[in-house]
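Number of protein chains: 2
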Amino acid sequence: MEGVTFQLIAEDQATRARAGLLHTAHGVVETPVFMPVGTQATVKALTQEMLEELDARIILANTYHLFLRPGEQAIRELGGLHRFMAWERAILTDSGGYQILSLAPLRTVREEGVHFQSHLDGSRHVLTPERAIEIQVALGSDILMVLDECLENPAERVEAERAVHLTTAWARRSKARFEQLRERGHGTSAALFGIIQGSLYPDLRRRSLEELQEIGFDGYAIGGLSVGEEKAAMLDMVEYVAGLMPRDYPRYLMGVGTPADLVRSVQRGVDMFDCVLPTRNARNGQVFTSRGPLNIKNAAYARDPRPLDEDCACRVCRRYSRAYIRHLYASGEILSAILCTYHNVHFYLDTMRKIRQAIVLGNFAEFAQAFLRRYEEGCSAS
Amino acid sequence: MEGVTFQLIAEDQATRARAGLLHTAHGVVETPVFMPVGTQATVKALTQEMLEELDARIILANTYHLFLRPGEQAIRELGGLHRFMAWERAILTDSGGYQILSLAPLRTVREEGVHFQSHLDGSRHVLTPERAIEIQVALGSDILMVLDECLENPAERVEAERAVHLTTAWARRSKARFEQLRERGHGTSAALFGIIQGSLYPDLRRRSLEELQEIGFDGYAIGGLSVGEEKAAMLDMVEYVAGLMPRDYPRYLMGVGTPADLVRSVQRGVDMFDCVLPTRNARNGQVFTSRGPLNIKNAAYARDPRPLDEDCACRVCRRYSRAYIRHLYASGEILSAILCTYHNVHFYLDTMRKIRQAIVLGNFAEFAQAFLRRYEEGCSAS
Numbered sequence: 001m002e003g004v005t006f007q008l009i010a011e012d013q014a015t016r017a018r019a020g021l022l023h024t025a026h027g028v029v030e031t032p033v034f035m036p037v038g039t040q041a042t043v044k045a046l047t048q049e050m051l052e053e054l055d056a057r058i059i060l061a062n063t064y065h066l067f068l069r070p071g072e073q074a075i076r077e078l079g080g081l082h083r084f085m086a087w088e089r090a091i092l093t094d095s096g097g098y099q100i101l102s103l104a105p106l107r108t109v110r111e112e113g114v115h116f117q118s119h120l121d122g123s124r125h126v127l128t129p130e131r132a133i134e135i136q137v138a139l140g141s142d143i144l145m146v147l148d149e150c151l152e153n154p155a156e157r158v159e160a161e162r163a164v165h166l167t168t169a170w171a172r173r174s175k176a177r178f179e180q181l182r183e184r185g186h187g188t189s190a191a192l193f194g195i196i197q198g199s200l201y202p203d204l205r206r207r208s209l210e211e212l213q214e215i216g217f218d219g220y221a222i223g224g225l226s227v228g229e230e231k232a233a234m235l236d237m238v239e240y241v242a243g244l245m246p247r248d249y250p251r252y253l254m255g256v257g258t259p260a261d262l263v264r265s266v267q268r269g270v271d272m273f274d275c276v277l278p279t280r281n282a283r284n285g286q287v288f289t290s291r292g293p294l295n296i297k298n299a300a301y302a303r304d305p306r307p308l309d310e311d312c313a314c315r316v317c318r319r320y321s322r323a324y325i326r327h328l329y330a331s332g333e334i335l336s337a338i339l340c341t342y343h344n345v346h347f348y349l350d351t352m353r354k355i356r357q358a359i360v361l362g363n364f365a366e367f368a369q370a371f372l373r374r375y376e377e378g379c380s381a382s
Numbered sequence: 001m002e003g004v005t006f007q008l009i010a011e012d013q014a015t016r017a018r019a020g021l022l023h024t025a026h027g028v029v030e031t032p033v034f035m036p037v038g039t040q041a042t043v044k045a046l047t048q049e050m051l052e053e054l055d056a057r058i059i060l061a062n063t064y065h066l067f068l069r070p071g072e073q074a075i076r077e078l079g080g081l082h083r084f085m086a087w088e089r090a091i092l093t094d095s096g097g098y099q100i101l102s103l104a105p106l107r108t109v110r111e112e113g114v115h116f117q118s119h120l121d122g123s124r125h126v127l128t129p130e131r132a133i134e135i136q137v138a139l140g141s142d143i144l145m146v147l148d149e150c151l152e153n154p155a156e157r158v159e160a161e162r163a164v165h166l167t168t169a170w171a172r173r174s175k176a177r178f179e180q181l182r183e184r185g186h187g188t189s190a191a192l193f194g195i196i197q198g199s200l201y202p203d204l205r206r207r208s209l210e211e212l213q214e215i216g217f218d219g220y221a222i223g224g225l226s227v228g229e230e231k232a233a234m235l236d237m238v239e240y241v242a243g244l245m246p247r248d249y250p251r252y253l254m255g256v257g258t259p260a261d262l263v264r265s266v267q268r269g270v271d272m273f274d275c276v277l278p279t280r281n282a283r284n285g286q287v288f289t290s291r292g293p294l295n296i297k298n299a300a301y302a303r304d305p306r307p308l309d310e311d312c313a314c315r316v317c318r319r320y321s322r323a324y325i326r327h328l329y330a331s332g333e334i335l336s337a338i339l340c341t342y343h344n345v346h347f348y349l350d351t352m353r354k355i356r357q358a359i360v361l362g363n364f365a366e367f368a369q370a371f372l373r374r375y376e377e378g379c380s381a382s
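In order, the protein sequence lines correspond to chains A and B.
Numbering follows my numbering, in which position 146 of the first sequence is assigned residue number 146; successive positions increment by one, without gaps.
Numbering follows my numbering, in which position 219 of the second sequence is assigned residue number 219; successive positions increment by one, without gaps.
No lab work stands behind these hints, which were simulated from the structure alone.
Do not rely on the hints blindly, as some may be mistaken.
Remember, identical chains collapse to one label, so a pair may be satisfied in a single copy or spanning two.
Quick list of in silico lysine to any residue cross-link-like pairs, SDA-like style, CA-CA up to 20 angstroms [claimed, not checked]:
(1) Lys297 - Gly71
(2) Lys354 - Gln13
(3) Lys297 - His65
(4) Lys354 - Arg173
(5) Lys297 - Leu78
(6) Lys44 - Ile334
(7) Lys297 - Asp121
(8) Lys44 - Arg315
(9) Lys231 - Ser123
(10) Lys297 - Leu120
(11) Lys231 - Ile9
(12) Lys354 - Leu54
(13) Lys297 - Ala74
(14) Lys44 - Asn284
(15) Lys44 - Gly332
(16) Lys44 - Gly285
All of these numbers come straight from a predicted model, not from anything done at the bench.
Could you build the full structure based on these sequences and the hints that come with them?
The structure is reproduced here in structure tokens:
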């Protein structure tokens, strides 16, 4: 199969929610989809067998981390990222831009690309839009992201305008290099997504999207949100931008979010998500449940024989008690991270499956309302 | 079923190796057996599902740790240790004596028992032989160990003699309390093992065993070895003591050892083992293979597509490469601990299964020779 194709299956009547299929060379992905984050070629604290059991169809890996360690050359020599990490399902790689901005010391953004020092050993590197594509093609990713400039919030309008300008220029160069490589037979089964920037300025967001569409991508992502702005401002911007995005292409909201954010963003027309919350928070003892988040550190759970989530059918909830997992957490045991991560990823993926089913059955609005009421009552109670 | 019974199935002609069955209220355990160590009610870095998949039939838990956290009262209220940790197979608990001597600050051994401070919060406690039994009965352990006094090596003869004297007195009190509790209907399906002390003094070891046999236990353990003495001295003492131990009772060598130690101790008549090596070393990147240990940190493995052990059929070796696991280790990823522990525990349990099969088939001496040659060639090469 040439490239990645997106097929719309159902559109909700009452909201902008959509259900689709993303066909990749490494399997079919049902959308809306949540992609667990596998920063260093591993979704932290889970085995690949567990990810399969959870029926994760696509995961995200971080170009920045893999470029620094073990390096894309090593991964290419070992047969590409799929073989390296023994994962035969789909992989989306980010471009590395976001990690450079959040992790690397002494970074400088120039027209040419980003100059930065490794957070691991201080070594100096330059990441250009072309190089970001080359690395992702070498990794053998199914979905590549262009290098973009993601600003923090708040951003001055003049800064946001400059970042959109640069992001468009980089997107054009990314696409050109991607096409070149494909002409030489590399990355032929991969897709390339553009990233919309523009901070909280609607007209800049519109301009960014229009410029990207002019270049033409296989999918479009909303970047530069969930970077410190108010939740309502984020959702307003998602609603505005998703409303402008082309109907026949996958829409990916980067780095978002809580379970409630996912439901509300699907309502606004988003198809794809990634976020470290379910995995990172699990390692800190926070688990997500249908009745809101639960902090396993809480002394109230010390003798609680109930599962993490009484309405959950995952392996962890069928077998282990809150009291046991709290003991593991208090004792600094790795099994605490394993069990909480497993449950959280299950909760996220299961929520997405329920969302999708509701869209297909035509009752997504009711599902969303019931889900949010129950989830957010739990949030205020805890 | 009342108590735990031991059934001899086969005795090797050329060596002292034996194959048996240990019938417990939580399943049958084939001996010789290695018991993975689950200090804090978890075998570090493995789920209980993984332990089942590895076909572990019995694990060890540490009374000292569970007494301090979460406390045996909490575990009893939650239905006992099996239900608490969601493990329906057999559990052996140590008495806590060894951990007090190795972990607790400001400990004082008196005739009455051991006074010590918790290594967690400095709180003061007294562990008497009676209390150690009460705790283990509250946990619902299948095999209980008496409180003993384990000396480090080297130990003066007069010290060793005193420790044997105390260990016998404590063993008598342990047995008495165990019987009392059983008369009241507690711990009726459990077994109680005595522990032979005597450092490296053969006559003290003999005296210790004779005194324990006079009291009468369901099994006998060799304690106080692998505490700093030379390997040859340890094996000589195992040979000497195992040669004196009663034929119809399980023989348990505590805290031992490397794969080669296991083979050599089975040769000398031992049935049961526990050791932190496969789990602790896994977390430090050392994996055990049929050709000796392998340190995954080694740069030589950075681009090595082979499995940890080319002769291993475990899930890890069927799926993941040395290069990937080395990357995980170098990146500080939890998955490194999971995969290395899984493989190591598989290697230990699989080695025990092969040992047992060889005993049953009558070719254990050949098996042992071939195993040791191959394993130790690898040790000297690495």
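Here is how each hint holds up against the structure:
1. Lys297 - Gly71: This pair counts as between: shortest inter-copy Cα distance 17 angstroms, intra-copy 38 angstroms.
2. Lys354 - Gln13: within (17 angstroms within a copy, 63 angstroms between copies)
3. Lys297 - His65: Answer is between; shortest inter-copy Cα gap is 19 angstroms, intra-copy 31 angstroms.
4. Lys354 - Arg173: Neither, since 39 angstroms and 60 angstroms both go past 20 angstroms.
5. Lys297 - Leu78: Between copies, since 18 angstroms is at most 20 angstroms while 41 angstroms is not.
6. Lys44 - Ile334: Both, since 11 angstroms and 6 angstroms are each at most 20 angstroms.
7. Lys297 - Asp121: This pair counts as between: shortest inter-copy Cα distance 18 angstroms, intra-copy 35 angstroms.
8. Lys44 - Arg315: both (18 angstroms within a copy, 19 angstroms between copies)
9. Lys231 - Ser123: neither (37 angstroms within a copy, 46 angstroms between copies)
10. Lys297 - Leu120: between (31 angstroms within a copy, 17 angstroms between copies)
11. Lys231 - Ile9: Intra 29 angstroms, inter 68 angstroms, cutoff 20 angstroms: neither.
12. Lys354 - Leu54: within (14 angstroms within a copy, 34 angstroms between copies)
13. Lys297 - Ala74: between (40 angstroms within a copy, 16 angstroms between copies)
14. Lys44 - Asn284: both (12 angstroms within a copy, 18 angstroms between copies)
15. Lys44 - Gly332: both (16 angstroms within a copy, 10 angstroms between copies)
16. Lys44 - Gly285: both (14 angstroms within a copy, 17 angstroms between copies)
Checked against the numbered hints above, the structure breaks hints 4, 9 and 11 and satisfies the rest.
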